[in-house]
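Colleague: These protein sequence lines are chains A and B, in that order. The working numbering numbers the first residue of the first sequence as 1 and each following residue consecutively. The working numbering numbers the first residue of the second sequence as 1001 and each following residue consecutively.
Because the hints were derived from the structure by calculation, they are not lab data. It cannot be assumed that every hint is accurate.
[To be verified] Chain B is faced by these chain A residues, among others (derived, beta-carbon under 7 Å):
id : residue
1  : Lys63
2  : His67
3  : Asn88
[Claimed, not checked] Looking from chain B toward chain A, a few residues come up when the C-beta cut is under 8 Å (computed):
id : residue
4  : Ser1088
5  : Leu1090
6  : Phe1092
7  : Thr1093
8  : His1189
We put the beta carbon where it would ideally sit given N, CA and C, even for glycine.
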Amino acid sequence: MKRSFLFAFLLVFAAIFPAQYLDAQSDSQQSDSQWIFDQGTLSYHMSHPMHEVDATSHAARGKGVCHAGWCDFLIAVPVKTFDSGDTNRDLHMIEATKGAQFPLILVRAHFPQAETSQQWIHADLEVQFAGQTAHYAKIAFERTQQGSEVRITGTIPLTCSDFNIDRPSFLTVPIKNEIPVRVDMNWHTM
Amino acid sequence: MYLQPEKFVLRAAIFLFLCLMPNRMHAQSAATPAERQTAAQQPTSAQPQSDSQPAPSSQQAPSPESPLPNAPSPAQAPASASQAPSLSDLGFTPQQTQGDPKLQAELNKRTEMLKIHQRLGLITLAPMAATLITGPMAKAKGKNGEPITEPSNANLDFHAALGGTTAALYFSTASFAIFAPKLPNTPKHGAIRFHEALAFVHGPGMILTPILGAMAYSQEQNGQKVHGAASLHGPVAVATVCAYGASIVAVSWPIHLKFWEKK
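Based on the provided sequences and hints, a complete structural model is requested.
Modeller: And the structure:
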């Protein structure tokens, strides 16, 4: 009888210990954390048969919160801060994207916390732009550790049609529908 | 009432197993690192889904409950949604987040006027070039083939009509740029500066050219050889057209002609 009790005890211990161990390890790896945006750039690329234009903004702000195994990041950038090197073009962009009425581009990213320690992050994105909201699933961002900072780079495949933007034209030829946005941001955790 | 030890052990084992099941599932919910790495190497399949929003007067922080197509269900991350950062966390001033419908209306009007400016400007190029070409032809030949200094009425009328059309279109084009709404606190840089600077060349040129043309015509009608400032009618016209063409190229610069490039 005692032997069967001892066997049962060992069986129960063997069942509990790995589970508790895994839970403790999981909790330590995925503890709550806040991500603070240090600096970075967002650039969009515009193509026209006669022009290839890149416009960059250095005015993005962001914050990230990781909790219960998931991370939520919010990045915002004023539309009017994109500089293509030509004032006229930038004002036309603000007009075409309703940038005065909707002055911010908001990007919300949602991804598993476990990916914050890996080379690639696959985030579900919700982008609010020009009064419209578009969703992009599993967009890949590369994560590079640089000392205490983490550099996140990637491209969001925005298109004009996703946001009901009437494509600006030059010499009656409209720009390409694709306006990919290149993200290059440095973050640190708290 | 006491259970037999074997049954007690069996029930305890089942109870513990059931209790531990969710923990194990939670611990195994994330893919293994190897699986995730494999997924990372694969190309991204972005499938945007656009939602139309009513146009608010100001841009609000999006609802944390906004559904994402491939996002986990709220049951998977209930606390995460409640702690998601909001726009107020980013430190923007109200001026930066508030929409300005009045400014948007100004921008819309500005763009409309500049579109017309662009179209009319291109249309103007045609009679301008024709006027330049017909200028030297205004000097006709006489019946015996000898050149005559005074232009024939037919050629001169055609040249003058083209010049008048050019001037009318030119000043219409200019008015759409001059009267387009100006936006405060927008220092100009880039190609638009050259475009505007060249207007100080072709603008006076477009005023001077017809005046000098009229002077030249008057001198010829009086049997005089064209002289003085009137003799500059041709050179001024050429300089005006060159500046006008350069202005079009400047606003289009840098031109990237890709049609002969292989992708």
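Colleague: Run every hint past the structure and note whether it holds.
Modeller: Outcome of the hint check:
1. Lys63: holds (4 Å)
2. His67: Hint holds; A/His67 Cβ to chain B Cβ min 5 Å, cut 7 Å.
3. Asn88: holds (4 Å)
4. Ser1088: violated (10 Å)
5. Leu1090: holds (4 Å)
6. Phe1092: Holds - the Cβ of B/Phe1092 comes within 8 Å of chain A, reaching about 7 Å at its closest.
7. Thr1093: This interface hint is violated because 11 Å lies over the 8 Å limit.
8. His1189: B/His1189 check passes; min Cβ-Cβ to chain A is 6 Å, inside 8 Å.
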